[in-house]
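Residue numbers (my numbering), protein chains in the order written: chain A, 1 to 113; chain B, 1 to 115.
Treat each hint with caution, since some may be false.
[Unchecked claim] Computed spacing ranges between beta-carbons, pair by pair:
#1 A:G40 <-> B:P40: 17 to 27 Å
#2 A:G84 <-> B:K69: 29 to 39 Å
#3 A:E82 <-> B:Q42: 25 to 35 Å
#4 A:S70 <-> B:A17: 45 to 55 Å
#5 A:R30 <-> B:Q2: 20 to 30 Å
#6 B:G16 <-> A:G84: 21 to 31 Å
#7 B:T52 <-> A:K57: 25 to 35 Å
#8 B:S84 <-> A:A2: 22 to 32 Å
#9 B:G16 <-> A:Q54: 45 to 55 Å
#10 B:Q45 <-> A:L11: 16 to 26 Å
#11 A:G42 <-> B:T52: 25 to 35 Å
#12 A:R15 <-> B:P79: 21 to 31 Å
Everything labelled a hint here was simulated from the structure, so no lab data went into it.
Keep in mind the model is a prediction, meaning the values are calculated, not measured.
All residues carry an ideal CB built from backbone N, CA and C; glycine is no exception.
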Amino acid sequence: KAGVTQTPRYLIKTRGQQVTLSCSPISGHRSVSWYQQTPGQGLQFLFEYFSETQRNKGNFPGRFSGRQFSNSRSEMNVSTLELGDSALYLCASSRTGMDTEAFFGQGTRLTVV
Amino acid sequence: AQSVTQLGSHVSVSEGALVLLRCNYSSSVPPYLFWYVQYPNQGLQLLLKYTTGATLVKGINGFEAEFKKSETSFHLTKPSAHMSDAAEYFCALALYGGSQGNLIFGKGTKLSVKP
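Okay, chain A solo, but in the shape it has when bound:
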């Protein structure tokens, strides 16, 4: 079966712009989580959506937001981009989120210049 698909794979944006990243979970999975990965901070949890509702949220500023659609696809948005937002953004899906396995996509590499 198809895995978790993240688009685009690579993105270059300018400071001050906004960006939207997309994640299509594995068919049947209703939980989608987002993580930011940087060399300095490592992997940090952004937020989790389940059945179109945000269920958990990490410690990130309000410039980071997300949503989930009825087909479980999720988007995350970062407004007013800063240089420090340059990172690999990973999406993970699981059936309910209470499962013990989450499947990760290959990520979107965002570079802010």
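Position chain B relative to chain A; hints supplied.
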């Protein structure tokens, strides 16, 4: 607060040698523990997980880990390293009964395998 500490940001072993990657955790409630592997420019792949029950957990690619509550550790081992094991490894924690959508990760250990 829950946290995960991985000892050693870089570990280098020779092909055929034992692999030992260390992970210690802090949690006020029984944790679920995981090891993930990440290859360059790829997402994370689950190697193994501990939830409840048997404390020695076997995973894919010959890896295993032992949950030691008294030592708050969950070290990852493999008896004989292969060149293809070169990657970055992450230990992660989820609260008991909690959502695996919210994982707390260690900083990662980069494993190099010398021929």
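Unsatisfied constraints (hint numbers, rising)
6, 12
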